[in-house]
Structure formats: structure tokens, C-alpha cells
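*Asks:* Produce the entire structure from the sequences given, and follow the hints as far as they go.
2 protein chains.
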Amino acid sequence: MLDLATRVHNHNFKIDPIIRSLLDTDFYKLLMAQTIFRRHRDTRVTFGIQNRSRSLRLADVVDMGELREQLDHARSVGLSRGESTWLRGNTFYGRRQMFSAEFMEWLEGFRLPDYELEVRDGQYVLTFHGPWLETTMWEVPALAILNELRARGVLRALSKFELQVLYARGMTRVWEKIERLKRLPELSIADFGTRRRHGYLWQDWCVEAMRAGLGEAFLGTSNCLIAMRREVEAVGTNAHELPMVYSALAEDDAALARAPYAVLADWQQDYAGNLLVMLPDTYGTTGFLKNAPDWLSAWTGIRIDSKEPIAGGDEAIAWWLRRGSDPREKLAIFSDGLDIDDIERIHGHFHGRLRIGYGWGTLLTNDFRGLVAEGRLDPISIVCKVIEAEGRPAVKISDNPSKAIGPEAEVARYSRVFGVGVQEALPVVV
Amino acid sequence: MLDLATRVHNHNFKIDPIIRSLLDTDFYKLLMAQTIFRRHRDTRVTFGIQNRSRSLRLADVVDMGELREQLDHARSVGLSRGESTWLRGNTFYGRRQMFSAEFMEWLEGFRLPDYELEVRDGQYVLTFHGPWLETTMWEVPALAILNELRARGVLRALSKFELQVLYARGMTRVWEKIERLKRLPELSIADFGTRRRHGYLWQDWCVEAMRAGLGEAFLGTSNCLIAMRREVEAVGTNAHELPMVYSALAEDDAALARAPYAVLADWQQDYAGNLLVMLPDTYGTTGFLKNAPDWLSAWTGIRIDSKEPIAGGDEAIAWWLRRGSDPREKLAIFSDGLDIDDIERIHGHFHGRLRIGYGWGTLLTNDFRGLVAEGRLDPISIVCKVIEAEGRPAVKISDNPSKAIGPEAEVARYSRVFGVGVQEALPVVV
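Those protein sequences? They're chains Z and P, same order as listed.
The letter at position 2 of the first sequence is residue 2 when you use the numbering used here, and the numbering goes up by one with no holes.
Positions in the second sequence are counted from 1; adding 1000 to them yields the numbering used here.
Rather than coming from a laboratory, the hints here were simulated on the basis of the structure.
Hints are supplied without guarantee of correctness; some may be wrong.
What the hints assert, rightly or not - Here are the computed distance ranges between Cβ atoms for each label pair:
hint, chain 1, residue 1, chain 2, residue 2, range
1, Z, A373, P, V1429, 33 to 41 Å
2, P, F1013, Z, R38, 28 to 36 Å
3, P, G1370, Z, H11, 42 to 50 Å
Claimed, not checked - From the structure, some residues in chain P lie toward chain Z, with a derived Cβ separation under 7 Å:
hint, residue
4, D1003
5, F1161
6, V1165
7, A1168
8, T1172
Stated by the list, open to error - Restricting the straight-line Cα-Cα distance to at most 30 Å, the calculated cross-link-like pairs of lysine-lysine (DSSO-like) are:
hint, chain 1, residue 1, chain 2, residue 2
9, Z, K160, P, K1160
10, P, K1290, P, K1330
11, Z, K14, Z, K160
12, P, K1014, Z, K182
13, P, K1182, Z, K160
14, Z, K14, Z, K182
15, P, K1330, P, K1182
16, P, K1160, P, K1014
17, P, K1290, P, K1385
Using N, Cα and C, we set each Cβ at its ideal position, and we do this for glycine too.
*Replies:* Printed below as a string of C-alpha cells:
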């Protein structure tokens, strides 16, 4: 029977919004925001979008009017009462009241700040200026909007029937990956796929698939809204923006060398337990571990992000052993462009030698590779990164020179200060 | 928004009927019914269900109460006004008014006759006694009901999510077959999958997929209801029941030897053109062709059913050549348990040497093989065949002894009369 009300309601839609909730973001943005709220409320930081897949001229396939509509809509969204209640009342990582009353009050009044948008060489130059606490909140929604608008543009050309086959194939693909995951002993895996997802509903489906297929081996999702609605764990810790801003603010080379550790000293005052996972690669993992203070070896774990994962994990094991820790009690989280083959390979190498966690992103929530002609739905490598802090350029080097960010002279200075040696460039797929 | 009316309406469902229309049957049943109506209105014929997949105890997996409900519901269904209009007004095989006014009047008043149902050795013994014109109409709905009830029983144990993945996989599988079909030159293929389908909605989806994927290469469907609703061609010609009944009624061996040709003599008075497709295998193809009257070589084509398809097609080519016909102007319809591999193989062998048509049945509309544990959704080989006519046993020999039907002594007599030589048994999958 026809539901006339629904039909008419749909006709009245002005846009079909991509971001419908402030919680449609990654959990670690809230954790980092609270740290920024406590310690750096007045710091001004600029974020900007960078499409590393230069061959795709994003401005040719995403309409600027639609992009503005979606960004503007996201700016209109505030925390609902139920969402606030969930953040205040829920247990995260085994802890109640993870977010302070002061931070919650701020968040309840928060709206995403203004943006600057222009087109250069077929790419969108989308920039966010303002207090770090505000601009940081754009990262995930801005990326999700760009990725979903691009997908919608491709899907618009497909018939209802082609769409059905496309999603049948997408679902089959995800489920076949999950069936392979089921065979891995002591698996612990989470969805990290918000920012580069195909779309919100698809990410939501992937989370349901992971839960149905993996049960307890599925740890949860980084997406707060899905975590709330589906009653799964919200997961995540911290990202490169913290050491990048702390480093940009350092007054001299000595302060710069201390900056990445100062981040973690602050972090461990704010959080504990499984949230104490260091991200060592911002200026090269090897130098970071060599110069790390002793107290860091007491941390729960490490995130292996830009380094080749087997090499990165082996390096962490060797470091823990040198520092007198038992790696089997330590957690290594792998999260860099993983697909099922990588996960199997990593698990085969490290299972029994480390506690392992996987943060599975783009190739969980956006793997339609080859399902539309000319790869027009293949995921792209697009990021939203800190560009400057208080007028000083931000720098990221990582373990993979393909991912380096910042002016050349500053990259050289950071390389010198952090003792970054020769690095091998790895291809960046997503 | 919730459509309360739909919800409440669904609550009020007594059963979810499998057969909702008298047209939910194969087109050739209507063609044969009209011939029976004209020539054999008073002949009494018994049909019965036979599950050739003995290892599946159908009565253990299909509830008898539900089976009775569905059979009784099918008996309550009559031709609607719109359906009658479609049959009267439509063009079938290029011809208007395929069905006479007298036949249509009969069909408009027709309801499926009574049935007898009991369980023996874990199998349903489902039998239809009465006028041939009435009992013949049970074949397709009875089989569709049994197959769909079996599938529903399996599906009942699956969660909503598992169902979604199951259908995603099923769709992907059908679509991958269609993509292989697309590559075959001058393809002409039709859906023959009503009787052993997974379910009505699934068959409907498969027809849509075939049309979307193949365009003009998709000839149509044997299912009248889907043909009407989707506005595609209704296709089919005739089946073994005609020679089986004509033969059972033969008074002596000489009449028996003439019976299969008498069927076709009647048929060509009733129909023409692409409906003149002989089915030569009821008592062995080789003998049938050897003894065929000359006028049969003028027929449009042949259906290769129980014989190994390459051998069957080669035999038909040789026969046409002997009779002075050009095989390239003749039509061979392949329809026996085909899957995509068979179709590719047949096409590779015969393309350019014959006009080829494929009647694709069970492995189009019911291929969920391996998608549920223990093959519980794998299709079964179940048929509804003539058992006797006017109290005399009906016999089928075919080219595959695994498919023989009838009392041993009668099979021996038929084999002698029709000169059936040594045959090789082929496995019957569906």
C-alpha cells in the first residue's frame, strides 16, 4: 500500500543530507577535542583538504553548489538531547563519564565553523580557519561529504536495476571478506571507515555485517552515531594532528624534539588503559622509539600506520623487548589502508606474539572497486590535514615519504631534528 | 514513516499465498489445454508428483498443513478480468487471438480440481484425478508450491541479515551468468523456470535481470503472469504429456507407433510458425526421427531435452540434411537442466549451424547451490507427470533411462514398438 505521507514528505526534501548528526564523526575526534578544550582552547589551527589521487579531478565530478549545500547543512546540525545523553551516560573503554561536564556543555552549543572553498587545477581547495577546537571537527564530515557526493554522482547514472546489482555485489564482497576474517584466531577488529565511506547507510550496513559475522571479534566502530544507534562500542584514540600542532608551536629545535612526547604526556593525564596507544610515525617511527622516554614503554600499545605493517610490528616488538616489556601483553593496532589480504598476512605473522587490533577503514566501507566502468567508484586517497598552527606551517613526515606534508625547508628541519634516515616510498592506495 | 495500514493488513494475512493467479503457470500449459479442450475434453488423466531427488525426504521439511493451505488457496483462484483481457487481446508468437472464444469462456470459469495427498516413505504422494483438461493445469502450480514451501522452510531459520546476504549472493550469481551470456553472439534465450523456481518474486527478479542484461537476446518467459505484468513475450510449445496420453490411449501396437506423430498432426492444425517445435524424445529421439513422416521435416524446429545436447543437436542436423532441409534455417531449443557452462558449450558447438534457442529453467530461477549449509537450498529434481489415461498406464522412456516412467512391462513394450536401443544413463541434477 502506498504511504502517501512518506511520498509527499520525500518530495519536500530540499537536499538529501549527508551529515545528519554531529555524532556522525569518529570517536577520536571527540577524545582529541576534549584534550584540545582543556589545554589549547585558544590555539588557532588551519585544516585543509588534500586529494592525493590527483588523477581524479574532483571538481569535475562533484558539483560546487551541491558541495556547498552539504557543507552548509552540516554547519546547521547541533548535538541533539538524546545524543548528549548518550555521550554523558555511556561507558567508553570501560569508563563512565569519559567527557567532562564542561566539555559536554561546550559540545552542546557547538556548530561547525565557516569554510573557504575554491577550485584550483580541478581540485577543491577546502580550508577551515579558526580555533583548533572548532576546525578539528571538520575533518571527518568534510571528507565524508566529498566521498559521498562523488559516489552519488556516479550512482545517478545507474538504473534502479543496476543499482540493485551493484549493491548485491558490494554486499557479497564484504561478506566474503568477513567469512575469511572468521577463520582468524583471536581476532579483534573495528570499523575505522567513516571518512572515506561510500555513504552513511552503507557504512551502517557494513557494521551490521561485521557484527553478524564476527560476533565478539568485532570490537566496534569509530563512528559515534552508528555506535549509538546500533549499540556497539565506539572506538579510537588519537591522530597525527596532535604532534603536528604541538610541533608547529615549538619555539626551537629542542622544544620540537620534545613535542611528540609532550603530546603523549598530556594524553595520559586525560585518558588511560586501552586509550594509551601511541602513534609513533608522525616524524618517523624509528627515531621516535629510539628517543622515547621510559614511561612510554608502560603504555598499552602502538598504532602501526604508515610503515609497512610487518616491519612496523617487528620494530615495535624489538623496542618493547629492549625496554624490558613483554610484547605479548602489548597491543598493536594496524590501520593503514588494510584489506583482507593484509589482515591475513599480518595475523599470520604476529598472532601469538602481540595482542593485535585492526582498524579497518576504506576497504571495508568503500570497496566497490571494479564494479562500475572505468573504476568510477574506486576509492580515492583524500585527507583533511593540519596546514598551519598560529601561522606556522605544520609538518608530517611519517614512515612513507608519499605521505609527507609541509614546506620543503620545514620538512628538512624536522628530518634533521628527528633523525629521519632514508625512507622507502610505498604506494598510497587509500 | 510507518504505514500503519500496511502493517495491520500484513497482520491479517492468513497465509502468504504462493499461487495468486491462474496465469502463474507456463504458457505451454495453456497451448496444450486448448488442444485438449478441442480434441480430448472427456479424456480422464491422472497426474502425480514424483521427487526424483529421493535423498530429500520432502515430507520431513514441508509441513502437510501448510501444503494443504497452499493447494487449497490455488484452487480458489480464478482468472481475473484483466488477465482474461490480456489473453484475448495479446499477440503471442506474432498471432492475435491465439485462444478461441470457446476456450477462453471455459478458462474464465475454471478452478483447479481436487487433489489427493498422502505421505509414503517420507515423500508426498500428491495425485490429481479427473478430466485431462483440468488435471493438466495442476502441474506447474503444484511444483511451484512444493519448491517454494521447501525454500520457505529453510529461509525461516535465517536472520534478516543472513537473508539479505543470501539474496545479494544469489543476485550476484545470476548477474555473473548474464554477463557471460552477453558475450554469446546471436543469443536467444527464454526463462523456463516457473515450476522449480525459488519463489515467484525471485523468478520475477530473474526475468528483470535477463531483460536488463540481455535486451533483445532475451526472448521472454514461460510464465504468463510475469509476461503480462512485465510486458515481455510469453513463450513455450508443448510437453511430453501429449505423446504420453496419446500413446496410452492407443488400442494396439500399430496405433501406439503412430501416436507421437498423431500428436504433432493435431498440433500443426492448431498452431503454426515458431510453435511448430517437435519434442522427439518421449520414446527415444533416434527412433522418432527415423520413422518420422515427411511433413515433419517442414516443421520449424526441435526441442532437445533428455539427450546429451551436443549429440542431440548433431543428430537433428544429420536428420534435416537427410531429409533435404537446411539446418541453418531450423530452430533447436535446448532446455534440459541447463546452466551457463552448458549454454556456452552448446553455443560454441552449434552457433552458425542452427538457429538456437535456450529454455533456461531451474538453474536460472533457483540457483542457491551452496549458499545455505548442507545444500538445503540446492534445487531438487521434482516432476509432475501423467500416470495414467483412461485407466491405462502412461509411459515415458526419453533418451535418458534415469528419467523413464511407467510399469516395467509397458516400458518393455514401448521400447520394442519404438525400437529403443541401448541407452546411456545420464545423471539428473534438476
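*Asks:* Next, verify each hint and record whether it holds.
*Replies:* Okay, the hints, checked on the actual structure:
| no. | hint | verdict |
| --- | --- | --- |
| 1 | Z:A373 / P:V1429: 33 to 41 Å | 35 Å, holds |
| 2 | P:F1013 / Z:R38: 28 to 36 Å | 59 Å, violated |
| 3 | P:G1370 / Z:H11: 42 to 50 Å | 44 Å, holds |
| 4 | D1003 | 4 Å, holds |
| 5 | F1161 | 5 Å, holds |
| 6 | V1165 | 5 Å, holds |
| 7 | A1168 | 4 Å, holds |
| 8 | T1172 | 5 Å, holds |
| 9 | Z:K160 / P:K1160 | 22 Å, holds |
| 10 | P:K1290 / P:K1330 | 18 Å, holds |
| 11 | Z:K14 / Z:K160 | 22 Å, holds |
| 12 | P:K1014 / Z:K182 | 40 Å, violated |
| 13 | P:K1182 / Z:K160 | 20 Å, holds |
| 14 | Z:K14 / Z:K182 | 43 Å, violated |
| 15 | P:K1330 / P:K1182 | 23 Å, holds |
| 16 | P:K1160 / P:K1014 | 22 Å, holds |
| 17 | P:K1290 / P:K1385 | 26 Å, holds |
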